[in-house]
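There are 6 protein chains.
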Amino acid sequence: MRIEDLNWMDVEEYLKHDDRLILVIGACEQHGHLSLLTDIKIPLALADAASHRTGVLVAPPLNFGSSPYFLTYPGTLSLRLSTLMDAVEDIVRSAYGQGFKRMLFLNGHGGNSGVKARLTELANELAGLSIQWYAWWMSHSVEAVAIRHDIKPSHANWLEAFPFTIVGELPEEDKVPPHVPSEVMDAKTTRSVYGDGSFGGRYRVEEGIMQEVFDAALQDILQLLKFE
Amino acid sequence: MRIEDLNWMDVEEYLKHDDRLILVIGACEQHGHLSLLTDIKIPLALADAASHRTGVLVAPPLNFGSSPYFLTYPGTLSLRLSTLMDAVEDIVRSAYGQGFKRMLFLNGHGGNSGVKARLTELANELAGLSIQWYAWWMSHSVEAVAIRHDIKPSHANWLEAFPFTIVGELPEEDKVPPHVPSEVMDAKTTRSVYGDGSFGGRYRVEEGIMQEVFDAALQDILQLLKFE
Amino acid sequence: MRIEDLNWMDVEEYLKHDDRLILVIGACEQHGHLSLLTDIKIPLALADAASHRTGVLVAPPLNFGSSPYFLTYPGTLSLRLSTLMDAVEDIVRSAYGQGFKRMLFLNGHGGNSGVKARLTELANELAGLSIQWYAWWMSHSVEAVAIRHDIKPSHANWLEAFPFTIVGELPEEDKVPPHVPSEVMDAKTTRSVYGDGSFGGRYRVEEGIMQEVFDAALQDILQLLKFE
Amino acid sequence: MRIEDLNWMDVEEYLKHDDRLILVIGACEQHGHLSLLTDIKIPLALADAASHRTGVLVAPPLNFGSSPYFLTYPGTLSLRLSTLMDAVEDIVRSAYGQGFKRMLFLNGHGGNSGVKARLTELANELAGLSIQWYAWWMSHSVEAVAIRHDIKPSHANWLEAFPFTIVGELPEEDKVPPHVPSEVMDAKTTRSVYGDGSFGGRYRVEEGIMQEVFDAALQDILQLLKFE
Amino acid sequence: MRIEDLNWMDVEEYLKHDDRLILVIGACEQHGHLSLLTDIKIPLALADAASHRTGVLVAPPLNFGSSPYFLTYPGTLSLRLSTLMDAVEDIVRSAYGQGFKRMLFLNGHGGNSGVKARLTELANELAGLSIQWYAWWMSHSVEAVAIRHDIKPSHANWLEAFPFTIVGELPEEDKVPPHVPSEVMDAKTTRSVYGDGSFGGRYRVEEGIMQEVFDAALQDILQLLKFE
Amino acid sequence: MRIEDLNWMDVEEYLKHDDRLILVIGACEQHGHLSLLTDIKIPLALADAASHRTGVLVAPPLNFGSSPYFLTYPGTLSLRLSTLMDAVEDIVRSAYGQGFKRMLFLNGHGGNSGVKARLTELANELAGLSIQWYAWWMSHSVEAVAIRHDIKPSHANWLEAFPFTIVGELPEEDKVPPHVPSEVMDAKTTRSVYGDGSFGGRYRVEEGIMQEVFDAALQDILQLLKFE
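Residue numbers (our numbering), protein chains in the order written: chain A, 7 to 234; chain B, 7 to 234; chain C, 7 to 234; chain D, 7 to 234; chain E, 7 to 234; chain F, 7 to 234.
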């Protein structure tokens, strides 16, 4: 159940019996051969699935995240981290003022983790606000799937190659992970290091594994939605 | 052609022969009986149609706008105007740095017009940047349709009741436009003034008229995409 | 009665029986052949006239507005819209803290309308604050005068040519309104489009019409000062 | 010669032979029994006098400064220091972009001195920009007048009681300067310390002395306008 | 060699043959039984050791980081993340303008990682700037020491209990790591979860292990200072 | 007693019987032949001495201040004034939230005085917060020492040449104070004016005088710590 499919009376009705909200953040950035909106598509798909099972409301995704290092890859549209934090703050305050008290952030992008600082600052101020944060690709559950199949997860490799993020042909051969000279690189250096944008490894695995990944993340989310 | 259906190589290819980009902004706010995302759905549909005919690329929509006056209507998720301006600035700078030089903003929401000030500030700074701004409901073309059929266009009335923004039943009877005591009202006053959120008039007209409205706006957009 | 002609004891006395304040905002920007401070002079004259009849206090004008498109015209001194919003916020908070609860903004400049968003945000926060906003040149009353005399009102044409804004000779011949290629133009383009800065039409009309315009706006203001 | 009495063509003409600009900043704040706009009126009178002798252009005054400590005195309308700095920055950038390269700030208010930091930051960035700053009441010249007549200058005492800042009766008896417990006090404490707002001493001296003060400051300004 | 032990002529001399700078950031926050400045003391000790061997200059530490979750523990003095990013930006710009082109950040605190986004934004803008970032406790080298001795590293447990961070008695018994209900918790919840502030495990190990940890990190740093 | 030598339990204990805190701010900037951290070292030494006698807690110093005019002197690491104000605000809010209600700022640097505006804004908001501010070199007590010995105090001359700020040889001969063309100069001009960075006069006096200076400032501080 997405907000976009409802009018405000529907949401008012919802708030009479529930105060949870799923918020999707991610990035519009290069993902190698995958969709530029991969980091939104994945958590949004998870949100939809979780909403389907629990009835928890899903807010429209914030389609842009913090990706300054990828700005040399065309199609990457990045917010300054400070802008992103402001936007998330405004959305949280809006929802909180209407009675949403438990919010689960499904984050699709590693560069957004600074947002947690702002959320903590808000949680200090807004009484009764409870926040969960889930970065699916960093979860133990997803890691376990990768370990079980002995394949290394990484940015824009098989890990993110879901049927709904694939927008064209994927290379057959594995990519050797490049040498990364620094944790903080400007966008020109980043592109010269990563070339096609994948961080290396296999580009694709069989769909069954992708389903395992998805299910593992979904189980985590269903658990988090209990806000225990 | 949306960015979300492409990878970065596709966009790099696109930039070899075109430097235009369509950007969709709007709001996640009460629209009476219509979808809370009405102000995104309409310009996005127009963007898709225009893209279909011209091949111009469409960026992911920025799903949140400036709607402080509607915050008492559940589901309204509003950015401060300053946050919205920052977000738009960041997106423009990202695209400009990659070679997009002509950008058309399709704005679906009246409260966003302050963004034009920031865009002008940016245009003063970024050499060769050319911007068009289109607020479909304020265009002479759309106004002409309304006059032709002698129906008054307004927020959350028939004007925005497209098949793709209707999410439930619409009232049969017209609404008498309420007395509006001030141009600047807090959200509590606004709700007490507007009740169901529509600004009044008919809630719905036959689909043929909606198609006329859509086509009128689309023709304007196709013209603006020439950047003459 | 202007604040500048009073000391703080006078204002404290005033607040015992009234809580209204008139705030004048506008711009220091090119107005063709008219004064660079036209957008302040007009609302300030209206404020003085309204104050004369009602005794409502007038704050010192904020002499600078948001005019990024005119920065190529010497003498245009523009604030970023974000700065303008901050300044207005600070002034409102100052007055509110001292007991002013009803504030009428007389705005002389179209580029300032983004300020309304900030004022709404403030009205959401500050209990009991009531705001009115008046942009004289956009009022139905003033429009009616123009229609009655069949002359088209526009930036820096006859509409703003009051005795107190005229600082030199005005052209005799009408100006043909130029073709305006976009709603968002950088300052260089703007100057090449508008030349002398007037948006076209007659440069001047007889004083009687100007008096009608002034009176029409004044009546509106007197009405708004009732805060009904 | 004030900008408000000119149109943009006049300023363009001016810039062909001069690149100096006088900028007036101050405060709208309690000044005991004197005008709430005292801190603008004095530097503006000095600016007019200096302009009269040198032909240097005077920008409209920024009527609000940083006076958080006086907010308990009705009529004090204060900007946060950060807002004030932003406003001054925007004005300087506007003027600089049009060819003004030498700017003299006539500051009427002690609380504004933080602005100098921002001006220095700007001077580091804007090549060829030359700035002078004059706080008349802190000058050796004005101090010398006070010493010569053996009267102690202070906020809202005789020092600021010019014919054009007096708006009512002034007390006959001197005020004993109060004990000031701290350099940083909230507005409530400040009012309890200062009572009527004057910092103490004589409320008024003969006009001849005021003329001496004015002339002393004016001579300084004429010297600074040489930008040597 | 610390900047505080030099005057500017010394630094000018240094810049003739080297352009590297070590910058220390961390936090002033609860560290259980350890010093409130633990997150500065450790990277500063590492910086001194690395400087001793390489002669690279060390800037004064920025003694405050982003620790909103610990604000209920007295002595925690936290910056908003946005403030921290601004401060780091200003310091980087200052140094860059003087000829420092290679900067190594030694970060002592996990909550500061959002700073990397700002650094990337700066690296995109400042040509020739090269940045390294090192969070000692997250390095593979330090992890290897922990694994070798089979002890789990965590906030405010043995991992940070260096002779120079111990300010009093340490508990003898291990602490059972508490259940952590969310990745984003307000400061009240955080304190109720963590009690004494340690994240659990052993409070102290023999000094030899601490020396191994220190040496492992130091070797990493010496490597990073090559900026390869 | 410095915070860095305590853990949070110690501070919690302290707060049971005292609510005072000493905060040290200054600058990392050129001081002629003296340490680049002179403006921190002096107030920190005073803080330690005052703490020794009173037991009042000392926070870690904020090692960077606002010094835009000295950025051409290598080793000067300056914050924008707005950043500095934000940082001080965050620290004050952190401490206030934990029960510190009386804060004494020991400021070592003239360029930081704009911070007082922000502190006043905070004092208006935070009930019960009491602030003292001390700029040792501007005190009457220190001035009296200089007058008694007939030596003129100035930036980076003898006045700041304490044993703990001297990092090398000091010139024997006095420096003639240079002509200073403006109160607001960019960093290039500033360096061309001041050369070695001292503002002129004697570079050094006998240690006994320095002890007098220190003691005079210390007595002031002990008085201020009574918060009367």
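Some hints here could point you the wrong way.
The list makes no distinction among identical chains, and a pair is therefore deemed to hold if it is satisfied within one copy or across any two copies.
What the hints assert, rightly or not - Straight-line alpha carbon distances no greater than 20 Å define the calculated SDA-like cross-link-like pairs of lysine to any residue that follow: (1) K107 with V211; (2) K181 with F233; (3) K158 with H146; (4) K232 with G207; (5) K194 with D96; (6) K22 with F170; (7) K107 with T78; (8) K181 with E131; (9) K22 with G201; (10) K194 with E18; (11) K158 with L228; (12) K107 with F220; (13) K232 with E213; (14) K232 with D11; (15) K158 with Y102; (16) K22 with K232; (17) K194 with E175.
Think of the hints as simulated: they come from the structure by calculation, not from any bench.
For each hint, the structure was consulted:
no. : hint           : verdict
1   : K107 with V211 : neither (39 Å within a copy, 39 Å between copies)
2   : K181 with F233 : neither (40 Å within a copy, 25 Å between copies)
3   : K158 with H146 : both (14 Å within a copy, 17 Å between copies)
4   : K232 with G207 : neither (35 Å within a copy, 28 Å between copies)
5   : K194 with D96  : between (32 Å within a copy, 18 Å between copies)
6   : K22 with F170  : neither (34 Å within a copy, 27 Å between copies)
7   : K107 with T78  : between (39 Å within a copy, 16 Å between copies)
8   : K181 with E131 : neither (47 Å within a copy, 30 Å between copies)
9   : K22 with G201  : between (51 Å within a copy, 19 Å between copies)
10  : K194 with E18  : between (48 Å within a copy, 15 Å between copies)
11  : K158 with L228 : neither (25 Å within a copy, 29 Å between copies)
12  : K107 with F220 : neither (27 Å within a copy, 39 Å between copies)
13  : K232 with E213 : neither (29 Å within a copy, 44 Å between copies)
14  : K232 with D11  : neither (24 Å within a copy, 34 Å between copies)
15  : K158 with Y102 : neither (39 Å within a copy, 35 Å between copies)
16  : K22 with K232  : within (18 Å within a copy, 39 Å between copies)
17  : K194 with E175 : neither (25 Å within a copy, 46 Å between copies)
Checked against the numbered hints given earlier, the structure breaks hints 1, 2, 4, 6, 8, 11, 12, 13, 14, 15 and 17 and satisfies all the rest.
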